[in-house]
Amino acid sequence: DTGVSQDPRHKITKRGQNVTFRCDPISEHNRLYWYRQTLGQGPEFLTYFQNEAQLEKSRLLSDRFSAERPKGSFSTLEIQRTEQGDSAMYLCASSSPGQGHEKLFFGSGTQLSVL
Amino acid sequence: EDQVTQSPEALRLQEGESSSLNCSYTVSGLRGLFWYRQDPGKGPEFLFTLYSAGEEKEKERLKATLTKKESFLHITAPKPEDSATYLCAVQAYNFNKFYFGSGTKLNVKP
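Taken in order, these protein sequences are the chains called P and C.
No gaps in the numbering here: position 61 of the first sequence is 52 in the numbering used here, and each next residue is one more.
Counting from 1 along the second sequence, just add 7 to a position and that's the residue number in the numbering used here.
What the hints contain is simulated information worked out from the structure, not anything from laboratory work.
A portion of the hints provided could be inaccurate.
As the list claims (entries may be wrong) - If we take Cβ atoms under 7 Å as the criterion, some of the chain C residues that face chain P in the derived model are: (1) 27; (2) 51; (3) 53; (4) 66; (5) 68; (6) 91; (7) 94; (8) 107; (9) 108; (10) 109; (11) 110.
Even glycine gets a Cβ: it sits at the ideal position worked out from N, Cα and C.
Let the sequences and hints guide you as you build the complete structure.
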């Protein structure tokens, strides 16, 4: 169990640029979640996958955000035409509910700063 | 709508001074209530899962309890290394996503 890995740890970009983050979940976990967290707030749900299928997406998520999980392994989160309001910590988590209970294992996050 | 409210927002304790953190929730059918610890610049780290009212879980100086409307995280004789933000989350039966509270930022002074 090597844990959930996220890359990069930090990203600074200019407004209007596109950014892409990567998440490698724990290998046997079939569920993968993306959350966003701003300072002083709890994680806010963005989307989740079961294997390669994206099963739910937050209504708060604009169409500038897209996520993929090809082959049910790693996942990418892309933000197009970034805005200053996108500045946040983007957290990835994975889980395996088939083991009788579900708990999320989080990565260390990608801290995005939009200038 | 499913909601999670945590109080207090921040808590300062002296080393050895026991206290409790509160997590109030409204959810249509609770599948599980989760407590996480988060250190600055890191992702949340799992502490406990509680599934039904009356359940209790313990780990070192931490004890989590659950009623039908709220959960408490009791911290007994805290140490400075217990300083962190403690997050509560709920998962409903009809949804797979987890709803998080805003957390309680705990500062334990030596």
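Evaluated hints:
1. For residue 27 of chain C, the interface hint is violated, since its Cβ never comes within 7 Å of a Cβ in chain P; the closest pair sits about 19 Å apart.
2. Because the beta carbon of residue 51 of chain C sits about 5 Å from the nearest beta carbon in chain P, less than 7 Å, this interface hint is met.
3. Hint on residue 53 of chain C holds. Least Cβ distance to chain P is approximately 5 Å, under the 7 Å limit.
4. For residue 66 of chain C, the shortest C-beta to C-beta distance to chain P is roughly 14 Å, which exceeds 7 Å, and the interface hint is violated.
5. For residue 68 of chain C, the interface hint is violated, the least distance from its beta-carbon to any beta-carbon of chain P being 21 Å, above 7 Å.
6. Using the Cβ-Cβ criterion of 7 Å, the hint placing residue 91 of chain C at the interface with chain P is not satisfied: the shortest such distance is roughly 14 Å.
7. The interface hint given for residue 94 of chain C holds, since its Cβ lies 5 Å from the closest Cβ of chain P, which is under the 7 Å cut-off.
8. A cut of 7 Å between beta carbons decides the hint on residue 107 of chain C: the least distance to chain P is about 3 Å, and the hint holds.
9. Checking residue 108 of chain C against chain P: minimum C-beta separation of about 5 Å stays under 7 Å; hint holds.
10. A distance limit of 7 Å between C-beta atoms decides the matter here; for residue 109 of chain C the minimum to chain P is near 5 Å, and the interface restraint holds.
11. With 7 Å as the threshold, the beta carbon of residue 110 of chain C comes within range of chain P, its nearest partner Cβ sitting at about 5 Å, so the hint holds.
Hints 1, 4, 5 and 6 from the list above are not met by this structure, while the remaining hints are.
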